[in-house]
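When we follow the numbering used here, the leftmost residue of the sequence shown carries the number 302, and every step to the right adds one.
Hints should not be assumed to be uniformly reliable.
To be verified - Pairs of lysine-lysine, PhoX-like flavour, derived with a Cα cap of 25 Å:
1. K384 / K333
2. K388 / K335
3. K406 / K349
4. K349 / K335
5. K349 / K384
6. K333 / K388
7. K406 / K384
8. K406 / K333
9. K335 / K406
10. K384 / K412
11. K349 / K333
12. K333 / K412
13. K349 / K388
14. K406 / K388
15. K335 / K384
Said to hold, decoys possible - Label-pair distances were calculated between CB atoms; the ranges are:
16. T433 / Q311: 50 to 60 Å
17. Y357 / R321: 25 to 35 Å
18. E421 / A328: 34 to 44 Å
19. E310 / D428: 55 to 65 Å
20. S339 / N374: 12 to 22 Å
Hint data in this document are derived by calculation from the structure and do not stem from the laboratory. C-beta atoms are modelled at their ideal positions from N, C-alpha and C, and glycine is treated no differently.
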Amino acid sequence: MLSSAMTLEQAYPLFLTHGRAERQYAAETLTKLKDCFSAWILPRLGSKDLETLSRYDILLFRSALVDANLGVNRQYGVLMALKLFLKFCRQVLRIDCLDPNTEIKLPQRPKPHVHYLTNEEGGRLCDVIRTTTFTGPPDARLGRGVGHHGPSDLRGVVARSGSI
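With the hints as constraints, model all of the structure from the sequences given.
Shown next, in the form of structure tokens:
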């Protein structure tokens, strides 16, 4: 284990470098981690010495997340980033800090509500897809360009079918 004291703020750049270079995290993952650290972890825990970071500090941190009315999924993401960071500190930097597996519990995320098609509905959908011709840009025909707003993002694409 490292003998000199290191704060979360000092170890954070090493964590990002490790994630990018050795773990080959995607750019999107690095962006999410940076957001969690800049918005929540560093402002509240950045000056803490990793070796003296306590369960009590984590409890106060979680309380701050709840007091700020953060949704369960956001809390989950922030705490997961902290867990990954502490795991890095223990395994890569060899710092004797909190064990993230036992000391940081993740909140229960709500179960997603999944809608299923019946076999008949699935068959009708497949029939429509087989008999539909698309006109429009090639990206639309290949299924690219559908944004988070759904099919309405396919501006200028016309679908022709006998029935839907």
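Comparing the hints with the structure gives:
| no. | hint | in the structure |
| --- | --- | --- |
| 1 | K384 / K333 | holds (14 Å) |
| 2 | K388 / K335 | holds (17 Å) |
| 3 | K406 / K349 | holds (20 Å) |
| 4 | K349 / K335 | holds (18 Å) |
| 5 | K349 / K384 | holds (15 Å) |
| 6 | K333 / K388 | holds (17 Å) |
| 7 | K406 / K384 | holds (9 Å) |
| 8 | K406 / K333 | holds (20 Å) |
| 9 | K335 / K406 | holds (21 Å) |
| 10 | K384 / K412 | holds (22 Å) |
| 11 | K349 / K333 | holds (22 Å) |
| 12 | K333 / K412 | holds (22 Å) |
| 13 | K349 / K388 | holds (16 Å) |
| 14 | K406 / K388 | holds (14 Å) |
| 15 | K335 / K384 | holds (14 Å) |
| 16 | T433 / Q311: 50 to 60 Å | holds (58 Å) |
| 17 | Y357 / R321: 25 to 35 Å | holds (32 Å) |
| 18 | E421 / A328: 34 to 44 Å | holds (43 Å) |
| 19 | E310 / D428: 55 to 65 Å | holds (59 Å) |
| 20 | S339 / N374: 12 to 22 Å | holds (18 Å) |
When the structure is compared with the earlier hints, no violation turns up for any of them.
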